[in-house]
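S.K.: Here's the letter readout for the chains.
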Amino acid sequence: MPSSEEIFQKVQAALVDALGVEEDEVTPEATMVGDLGAESIDFLDIVFKLEKAFGINIPREELFPDDILTNASYVKDGKVTEQGISELKARLPWANLTNFEQNPRVQDFGNLLTVNDLCRYVATKLG
Amino acid sequence: MRWFWIDRFEKFVVGKEAVTIKNVTLAEEPLDDYLPGHPHYPHSLIVEGMAQTGGLLLSQMEQFLQRVVLAKVTKADFFFVAQPGDQLRLTAKLLGRQAEGAFVEGTVEIDGKKQAEMELTFAILDESFGKEPFFIPRDLLRILRAMRLFEVARTEAGERIEEPQHMLDDEQAYLASHPF
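Each protein sequence line maps, in turn, to chains H and F.
Note that the numbering used here gives residue 96 to position 96 of the first sequence, counting from 1, and the numbers run on in steps of one.
With the second sequence counted from 1, adding 127 to any position gets you the numbering used here.
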């Protein structure tokens, strides 16, 4: 099992390659979409790079819970319901949803994912 | 202008790897128009040739029914220019594939020397992008035959692959309705 630092370095390298950003831009707190400018197609590229770097398999739904965010039982008036939040926490135990819970607008979910979240996710796959 | 930037397949291993040949000739408009007086084959068209090589490798996995588009050039490094008279050998390796897309690593050689290397991400379009196929099946079949894809294509076990039935059916239906 690689150390947190080793995981961060590999994730950082994957993001530098996939997004054409500078190494120092890829901080643990940086958000993938807002800070690093990732677009939807970039995530496909990032997933392939992480799978290769760590020798893991990343099913789409583990990183992108579209099925929850488009499920009428979990979304009301454009916001994720309490039940939906519970589902998200169960699906994405590595993600920090604290801020999202304050105002859980579905449209904001896309910009939640940080570099640190991605590192924690990789660690759960390796653990 | 015909938008074919590969001439023929030299190798095709289903779901794994495809190798194509592209002969560069001064007869092609982009050669001299691109930088008058210094004819060379534009790098962007080499990327397109790799996208065609990798895209067909990917599309064949679903009998050429999938609509595959080049979504992103993650990396493309060129080490020297390709000139009239050169023959490019493009190798596309399929490194990963998911429902939404695929990742291809490509290398280009001229006379055994690495001329370029690249990483391409392809998107596989779903019905939210419409349902129309990109190509009329009989037309694509004709192009694939011209490129000798079915002559060289093999499965990993070394078995030949057949021309897809839906393409043959489309061709037959067309010929039946357009007698000579």
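It should be emphasised that the hints constitute simulated quantities derived from the structure, not laboratory data.
Hints may be right or wrong, so weigh each one.
Stated by the list, open to error - Okay, derived cross-link-like pairs now, DSS-like style, lysine-lysine, Cα gap no bigger than 30 Å in a straight line:
#: 1; chain 1: H; residue 1: Lys89; chain 2: F; residue 2: Lys240
#: 2; chain 1: H; residue 1: Lys89; chain 2: H; residue 2: Lys76
#: 3; chain 1: F; residue 1: Lys199; chain 2: F; residue 2: Lys240
#: 4; chain 1: F; residue 1: Lys241; chain 2: H; residue 2: Lys125
#: 5; chain 1: H; residue 1: Lys10; chain 2: F; residue 2: Lys220
#: 6; chain 1: F; residue 1: Lys241; chain 2: H; residue 2: Lys10
#: 7; chain 1: H; residue 1: Lys125; chain 2: F; residue 2: Lys240
S.K.: Would you mind marking each hint as holding or not holding in the structure?
M.R.: Right, here's what the structure says about each hint:
1. Taking the CA atoms of lysine 89 (chain H) and lysine 240 (chain F), the gap is about 52 Å. The hint is violated against a cut of 30 Å.
2. For the proposed pair lysine 89 (chain H) and lysine 76 (chain H), the alpha carbon gap of about 18 Å is at most 30 Å, so the pair holds.
3. A hinted pair counts as satisfied when its Cα atoms are at most 30 Å apart, and lysine 199 (chain F) with lysine 240 (chain F) qualifies at roughly 25 Å.
4. Of the pairs offered as hints, the one joining lysine 241 (chain F) and lysine 125 (chain H) is violated, with about 37 Å between alpha carbons and a cut-off of 30 Å exceeded.
5. Under the criterion of a C-alpha separation no larger than 30 Å, the hint pairing lysine 10 (chain H) with lysine 220 (chain F) is consistent with the structure, at around 23 Å.
6. At roughly 27 Å between alpha-carbon atoms, lysine 241 (chain F) and lysine 10 (chain H) fall within 30 Å of each other, so this suggested pair holds.
7. This hinted pair does not check out: lysine 125 (chain H) and lysine 240 (chain F) have alpha carbons roughly 40 Å apart, beyond 30 Å.
Violated hints, in rising order: 1, 4, 7; the structure is consistent with all others.
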